[in-house]
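Residue numbers (my numbering), protein chains in the order written: chain A, 1 to 532; chain H, 1 to 374.
Please note that the accuracy of each hint is not assured.
[Said to hold, decoys possible] Facing chain H, a subset of chain A residues (Cβ under 8 Å, in silico):
#1 ILE308
#2 GLU312
#3 ASN372
Derived from the structure by calculation, the hints contain no laboratory data. We put the CB at the ideal spot given by N, CA and C, even for glycine.
Residue strings, one per chain:
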Amino acid sequence: MTDNYAIELTDIDKRFGAVHANNNVCLQVKRGNIHGIVGENGAGKSTLMSILYGFYQADAGQIKVLGQAYTFTDSHQAIAAGIGMVHQHFMLVENFTVLENVILGSEGGALLANGMGAARKELTRLGDEYGLKVDLDATIDTLSVGLQQRVEILKALYKGAKILILDEPTGVLTPQETDELFRIFDALKQQGVTIMLITHKLREIMSITDQVSVMRAGQMVAHTDTKDTSREQLAELMVGRKVLLQVNKKPANVRAPLMKVKRLTVKDSQGIERIKDISFELRAGEVLGVAGVSGNGQTQLLEALSGIVKMESGSVEILGFNMDAKNPLAPDKLRQLGLAHVPEDRHRMGLITDFSASESALLGYHTDPKINSGIWLSHKKVEANCNSLMSAFDVRPADPRLKSANFSGGNQQKLILAREMERNPDVLLIGQPTRGVDIGAIEFIHQRIIDMRDAGKAVLLVSVELDEIMSVSDRIIVLCDGEITGRIDASDADEQTLGMMMANALDPIDPLQTMDDQQAFLKQAATQERQL
Amino acid sequence: MNRDTRIAWINRLILPLLNIFTAFAVTAVVFWLIDVNPIEAAQVLLYGAFGYEEGIGYTIYYTTNFIFTGLAVAIAFHAGLFNIGGEGQAYVGGLGAGLAILMLDPSLGAWVFIPASIIGALLFGGLWALIPAYLQAYRGSHIVITTIMFNFLAASLMVYLMVHVLRETGQMTPQSELFPTNAWMPFVHDVAAGFGYSIEASPLNLSVILALVCAVLVWFFLWQTRWGYAIRATGKNGSAAVYSGIKPKRIIIIAMCISGALAGLVSINELVGYQHRLIMDFHLGYGFGGIAVALMGRKHPVGIIMAALLFGILYQGGAELAFEMSGVSRDIVVVMQGLVILFCGALEYMYRPWLIRRLAPVKPQAAWAAEVSA
Chain A
1 MTDNYAIELT DIDKRFGAVH ANNNVCLQVK RGNIHGIVGE NGAGKSTLMS
51 ILYGFYQADA GQIKVLGQAY TFTDSHQAIA AGIGMVHQHF MLVENFTVLE
101 NVILGSEGGA LLANGMGAAR KELTRLGDEY GLKVDLDATI DTLSVGLQQR
151 VEILKALYKG AKILILDEPT GVLTPQETDE LFRIFDALKQ QGVTIMLITH
201 KLREIMSITD QVSVMRAGQM VAHTDTKDTS REQLAELMVG RKVLLQVNKK
251 PANVRAPLMK VKRLTVKDSQ GIERIKDISF ELRAGEVLGV AGVSGNGQTQ
301 LLEALSGIVK MESGSVEILG FNMDAKNPLA PDKLRQLGLA HVPEDRHRMG
351 LITDFSASES ALLGYHTDPK INSGIWLSHK KVEANCNSLM SAFDVRPADP
401 RLKSANFSGG NQQKLILARE MERNPDVLLI GQPTRGVDIG AIEFIHQRII
451 DMRDAGKAVL LVSVELDEIM SVSDRIIVLC DGEITGRIDA SDADEQTLGM
501 MMANALDPID PLQTMDDQQA FLKQAATQER QL
Chain H
1 MNRDTRIAWI NRLILPLLNI FTAFAVTAVV FWLIDVNPIE AAQVLLYGAF
51 GYEEGIGYTI YYTTNFIFTG LAVAIAFHAG LFNIGGEGQA YVGGLGAGLA
101 ILMLDPSLGA WVFIPASIIG ALLFGGLWAL IPAYLQAYRG SHIVITTIMF
151 NFLAASLMVY LMVHVLRETG QMTPQSELFP TNAWMPFVHD VAAGFGYSIE
201 ASPLNLSVIL ALVCAVLVWF FLWQTRWGYA IRATGKNGSA AVYSGIKPKR
251 IIIIAMCISG ALAGLVSINE LVGYQHRLIM DFHLGYGFGG IAVALMGRKH
301 PVGIIMAALL FGILYQGGAE LAFEMSGVSR DIVVVMQGLV ILFCGALEYM
351 YRPWLIRRLA PVKPQAAWAA EVSA
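One chain only, chain A, in its complex shape (with noise of 0.2 Å):
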């Protein structure tokens, strides 16, 4: 009976200190299934796979990898036993050949020639036996995302892996790339091999995988089979708690344009376009999403816009004022006119994760004189602005002296948003809110975000999730390579459409195009899909 698991871990149980990471945790994954885990942050599902992939060891428990008790200590040991991890960020090598890349640790003798050549056949046969079809001598850089992860899950399959972890494998896919995965997923199976998937995306869960785990504060809370369940049962799982997946909103009440961005262009660094000539208007009361995979020049965009960044031509009317490459205007001269920035990655930006929470909720206003007395910097009065923020957006613990590197995601997220919403700014930019945040969390960021747009102000929300986009925004626009490649009304979006959009696999149309031709576009658009 037992050889029918492929994985079978009974009892794991690690404490971190106090925090029980991993509570009892038993987990019976069937061979040649896809079975999904899906949990909050923090609820032990990657202490769970880091102790199945040897880089923790459990307190107590046994770890049973097809039918073979283990005790793990690194993860050359799980690697020789089967399992194979494909990570969240690639572990490739950018200038190195797909094959070089391969072989990669497993080299075989001092001289490359023999070990390529085996490789070379070694991959050809794994890749027709599993639909996995990269060219072997493309270096990584030239590579999609999407063919990137491919030479990761070829990288566990010529290491002889029959079990394959994936950890958020479709973060940053678009959907398209999406469904080729699962296809993969698929011939994968047909050969027998067992699939396990990280993920937070409750509806991938539903359409990929035969058995689903719940995790909840370091418990198993519910083993099922995928059919069995539904997206609103499984949040309601993972969150111990009824949870709204979609927003609740009104019907915009859009006035005024805020902001027009006329024919904008960006350089990065290196001196590369990332956002080529776009044009597009921001209204009072509405809610703009822009959709893209990551890395189409949504950072620039959201750079640009905030002052961080100088553009490189083209001009940004906003709130009455101009700017353009000539007048720029910095960061905190924006936010004194009203508008608000929550970057993208909190981390790189958003925070200080040095600095205590209090001081983290002083950035960017750290000059106000109501925080100011002469040169004296009040810290009481810095406290309690901490104070009043974490009680608007129930930041937890509510503890301002804390360092800002020991909040959870989601509450950081929450800090940052409150310090730039609760200044009550006529417009605001708005990049990633949601990203390595929980559930519960998710519900509350929308719902503000809305709660702004229904307030009059006008919010450009960034997002990767098409899910957020898709029921936050009022109207979309799409990024790839730095162009505006559709523009779509929320309530005609459906995913197949902006995944087009996404891949530019629509018509190009105009970059100075304005609202006013987007009924136009949208038909367009709409005979396209039904052609396809």
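Mind docking chain H on chain A? Use the hints.
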């Protein structure tokens, strides 16, 4: 005690103490190898530093220099800059102090001379740091390279000025004429005598008060003002600082000028307080020592004062050691100081991973636990 507090204590107290202990242990081995009894040496050193009034005076006098340079290095560190030009800035600061005094009318009172010399030292030290700062901010030249080059420039400039311009007429020694007595920073033993206390004479002068005032001002500036906030934000996370509207170029200039100015104050203690004339090489060792002091003092004024005291002890006790014990030459004292700098500076974090594993084990989901329990 939560993990944060534990780590803070490891960083602030346990780690520096362990580093010093290691340095002393290795020094003991070196002494033992050259047939010097380490325990006896330690006794002589401590007696030299604390055993008699003059010794204590010298210890605090040296400490004063290290407080200035330690604060100077620390303030640059907080902005994410590594100022290793403290030597040159102290040297040129001395030029500023000296010129201010020599150019004023000798009949003026101390209340003019002392502030003027302090302003001169601040100004020249700050300006000597401004050039590397400008080059870093607007031209991209690395501050470590430029500041160290400026140490050499300062040395050459001072040799030229001392030999050709400022040398006392009719003298062969490259030193300026004596400052008017009104311009001298009062000696502590003189001040004490004025209050009726009798202390052995030593070079210790009121500059030590200036150093302590600077320590308080640096603390206030860094942690209690918006400019200090901007400096620390830039040092901790440059992107976040830019995001918030802080201009890093401006921060580089401000932090480096303050840093150079503080280093320049070494000359107040050395020249205005003790030598009473502009001399060559009065600054040697203090700029570099300041790096070790700043690191060991965790970039915090209180820590810097304590670390500076340790270096003061090593300077004075070491001198006593070289003088008293036949087997110990001046070079061995330098070795000892070098070992302290090695273990407290370069190998600063050697024990840290081990200590943290031992005393504050990782809890990656601590925040989650806090949330659950909240």
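Open item on the list: Hint compliance check: list the failing hint numbers for this structure, sorted ascending.
Closed with: The structure breaks only hint 2.
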